[in-house]
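Participant: Listed here are the chains, written in short residue letters.
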Amino acid sequence: MARDFQAALVALNRFGFGARGGASGDLINAASDPRGFVKAELARPNGVLLEAPGLQSTPQLGQAVFAYQDQVKQAREAAKETARETAKDTAPAETPQPAPADPKPALRRNLSLNAVATEIAGQMADAKTADNAAKPDTMQPNMAAPPPAKPAPQPLNVIQKTFRAEALARLQRATLAECGFTERLVVFWSNHFCISAGKGELARIWAGAFEREAIRPHVLGRFADMLRAVEQHPAMLFFLDNQQSLGPDSRAGQNRKRGLNENLAREIMELHTLGVGGGYTQEDVTSLARIITGWTFAGRQGQLGAPGSFVFNANAHQPGPQVLLGKTYQATGLAQGEAALADIARHPSTANFIATKFVRHFVADDPPPALVARLREIFVRTDGDLRALATALVDSDEAWKSPLSKMRSPYDFLVASGRLLARVPEEPGPYLNNLNLLGQPLWSPAGPNGFPDTAAAWAAPEGMKLRLDIASQMGARLGNNIDPLDLLEFAAADAASIETRKTIERAESRQQALALLLMSPEMQRR
Amino acid sequence: MIDCVENRLLTSRRGLLLGGASFAAWAYLPKFARAADGRDPRLIVVILRGALDGLSTVAPVGDPDYAGLHGSIALSADGAHPAIMLDPFFALHPAMPEFARMYRDTHAAVIHAVATPYRDRSHFDGQDVLESGYAGPGRVQSGWLNRALEVLPRGERVSSGLAVGPTTPLVLRGSAPTVGWAPVALPQADDDTAMRLTELYRHRDPALASALSQGLQLEKAATGDDMKRKPGNAVAQMRQVARGAAKLMAADDGPRIAALAFDGWDTHANEGGPVGRLAFLLGGLDGALAEFESGLGNRWRDTVVVVATEFGRTARINGTDGTDHGTGTIALLAGGAVKGGRVISDWPGLKLANLHEGRDLKPTTDLRSVIKGVLQGQFGLSDRVLAETVFPDSAAARPMKGLVA
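Protein sequence lines correspond, in order, to chains A and B.
Mapping of the first sequence onto this note's numbering: position 89 corresponds to residue 89, and the numbering continues sequentially without gaps.
For this note's numbering, add 526 to where a residue sits in the second sequence, where the first one is 1.
Hint data in this document are derived by calculation from the structure and do not stem from the laboratory.
Remember, predicted model here, so these are calculated numbers, not experimental data.
Even for Gly, the Cβ is constructed at its ideal location relative to N, Cα and C.
Keep in mind that a hint or two might mislead.
If the Cβ cut is set under 7 Å, some of the chain B residues that face chain A in the computed set are [stated by the list, open to error]: (1) Q667; (2) S668; (3) Q714; (4) D717; (5) I870; (6) S871; (7) G875; (8) A879; (9) H882.
Simulated DEER-style distance windows between Cβ atoms [claimed, not checked]: (10) B:S598 <-> A:L156: 51 to 59 Å; (11) B:G823 <-> A:A422: 49 to 57 Å; (12) B:K865 <-> A:K161: 55 to 63 Å; (13) B:V677 <-> A:G299: 52 to 60 Å; (14) B:V666 <-> A:Q60: 51 to 59 Å; (15) A:K327 <-> B:K865: 21 to 29 Å; (16) B:A606 <-> A:P248: 27 to 35 Å; (17) A:Q60 <-> B:A733: 31 to 39 Å; (18) B:S598 <-> A:K327: 29 to 37 Å; (19) B:M721 <-> A:A40: 39 to 47 Å; (20) B:S602 <-> A:K327: 55 to 63 Å; (21) B:P703 <-> A:N481: 57 to 65 Å; (22) A:A422 <-> B:D716: 51 to 59 Å; (23) A:L156 <-> B:P732: 52 to 60 Å.
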């Protein structure tokens, strides 16, 4: 069979996570039947679901956070109590105290209490590290580095442990996938409907579960189902404040003298469905906010349901019919919002917004209009069938003919490098640190619009320099044991440019050659 | 208690990418720096992303409707944390004592009820309008500050520049070259590898060649010890970035014109009044201004800092003790070159009928007029350049006179 290596690069890099090294044969397989190679993953029922031992459901994780917070509180009170006892019972100058109390624990970020409260310190340090992107003293420049030798390691708390386990499961899946197209679709939809782990402890522990529960089951399903799953997921309700929003005329609103928060309603229309300019007004935003009052999750007391599960709180729901986008929705409780979302999902602006964003992600920053139009039409005709959307993209000519002008995001770049080097991640830390460094902290975009999706955003001067530094570290660490020219055969073979091949051949060391290969246009562009 | 801390420190919707602060600067000195009159003007533009609640920062306590609208989070001139009276009508948030001092020394001013021409309420479009300088969204190729640089006479290349974050804020993006720097502790690729890769890119991928070679030039100067990343919260990082920026900008061959962006002002829930979440952020901003002042030393007298945000927030608090996206807000000016000690405002009033769409502070001043006034005062840009190049199609928004001493 004729082999088309240029098309193999499109199959593996534009649609997937890049060729795996070793004995995978990915590049040859993709070169033999590029479209078939990509579409094979679309045919696997349930292939997108991610189940790994130890990964828990959202309510289970919510309860773990509540229990953890109780434990921290008790440890703190115990410490306070001990301090009081100590002050009462002992002479002023006597030391050491059995449990040194922190005078203002809530204001300190780096608590160092005794063993009982060690967990608190771990949790505080984690929040800081993860959300503030980088922490030099624990930086792991090399993704293949051995487990870190941290000075005085703190035991991880349940939130950190969960976040790392979720990250590891996702990274392993991406590294092992054949083409990686469905995993790329997961990343696309997860970024479209993003939450940020930086919002707080619940968001951090829920970030992975949100993707597994609300995104993955629908990646090859229906858009309307994904939309409902996302907007009813506790992680999203928490991220965009809807659990605090009360109908002003609801019983809870009247009792507590609180009312609407339009944050989630606005982003549903602006970012999740219709898009800016999609034909909605401020009135519509407020109206949708009223419609989804009562969409919340059960708290630690569990009065409304299992703690940490989605619940509709009728007491917080604004009574009465509401007009949204010109249509009246009768007061039907939870069904009022579900009906509204179902209509928004099949609004023409949504079809347009999604088709455009989809093509922009996979094909070009300036998406070919004819392809957008075709996908929009398919979205409308199939009532938002996302498998049909993905299939149409792979079937299109544009997706195979447009030059590989997009940049790999930092996540794509790190996963593709791991795949080429045939290293299955055993530990998420190095990946997480490098993602922080490169400006794409996992599940923690700066805003509800997610990470940027243009080539320019990821090809910024500082970002390129940091990529080179990271690639050099990988080269220094791993270059000894590999032949970079063999890797080039796995990565691009005949599709590699003469210049890239020469640059690698002429490198002064294997280490340098590996760094240059990882940074070559063949590995950076998709 | 832990929840409270979490909220205050981490609930930044626009997030904490690299500490929620970014900085970039023009790669050249303006030619007239060190000119005969001895003035060596500096300009720092601070973008507050997320929409600052102007009514909670500079509160119209003299407006009879203010306290009712802002409800549980309204500031007042008395109580445990009294706001600082700037004049008989406006009071400054108590978390900003440094700005208050600058104001008393006539080196700080407030412009109230301002807005860009944008009248919808999307952060992202609003920021695009604020930073691009175009009258509407969708133009994101270049920012107004970059276009202003293009018309300035270009002198020496600055010896150093810094930016936190791998990207340049839109306001400074464009064809005029900029410099940036990200403070990270990562062993660097050696020069030989960098050179070989640049060479490969030059043949195969000119866009990457240009990005990488710029990235490689950016290091060194800003990497003094105090700019190394330390664990710390967003507020400490605001100060830290400002301190590093001021240090570079104070140097004779350092950048003169720079932009920073601070994230996290989107206070939908539990915004807080004199204390709380917004207070915490304003304290960070106040600290950053103080760092500019002390770091710039005797260059402070030639400096103007402009603080602006994409739009304001609702006049009436929402149902969760916060405020939703609104319209009119404030702009702040600080610096030795500011003709300050004034709140400049054509106050629209907060009666329901006076609110924009019945919910937001009505803008009575075009933010572009304020920025034009500063650019004219600092760099002598003509009305025409300002109305055609820097802020296209903005002739109606005349430069505000007398902002710069």
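Participant: Can B:S668 be said to touch chain A, with a Cβ gap under 7 Å?
Facilitator: Violated, because the Cβ-Cβ distance from B:S668 to chain A comes to roughly 12 Å (cut-off 7 Å).
Participant: For the hint on B:H882, does the least C-beta distance to chain A fall short of 7 Å?
Facilitator: 10 Å, violated
Participant: Starting from the range 31 to 39 Å, see whether the pair A:Q60 and B:A733 falls in it by beta-carbon distance.
Facilitator: 47 Å, violated
Participant: Is it true that B:V666 and A:Q60 lie within 51 to 59 Å of each other by Cβ?
Facilitator: 43 Å, violated
Participant: Hold the hint about B:Q667 up to the distance rule: shortest CB distance to chain A must be less than 7 Å.
Facilitator: Violated: closest Cβ of chain A sits about 10 Å from B:Q667, beyond 7 Å.
Participant: Note whether the CB distance of B:S598 and A:K327 lies within 29 to 37 Å or breaks it.
Facilitator: At roughly 35 Å between Cβ atoms, A:K327 and B:S598 fall inside 29 to 37 Å, so the hint holds.
Participant: Are A:A422 and B:D716 spaced within 51 to 59 Å by their CB atoms?
Facilitator: 26 Å, violated
Participant: For B:S602 and A:K327, compare the CB-CB distance with the range 55 to 63 Å and indicate the outcome.
Facilitator: 44 Å, violated
Participant: Against chain A, is B:S871 within 7 Å by beta-carbon distance?
Facilitator: 25 Å, violated
Participant: Interface hint check: B:G875, Cβ to nearest Cβ on chain A, cutoff 7 Å. Holds or violated?
Facilitator: At 21 Å from the nearest chain A Cβ, B:G875 fails the 7 Å test, so the hint is violated.
Participant: Could one say that the CB atoms of B:A606 and A:P248 fall in the range 27 to 35 Å?
Facilitator: 30 Å, holds
Participant: Cβ-Cβ distance between B:K865 and A:K161: within 55 to 63 Å?
Facilitator: For A:K161 against B:K865, whose Cβ atoms are near 57 Å apart, the range 55 to 63 Å holds.
Figure legend: structure checked against the earlier numbered hints; hints not met, in rising order: 1, 2, 4, 5, 6, 7, 8, 9, 10, 14, 15, 17, 20, 21, 22 and 23.
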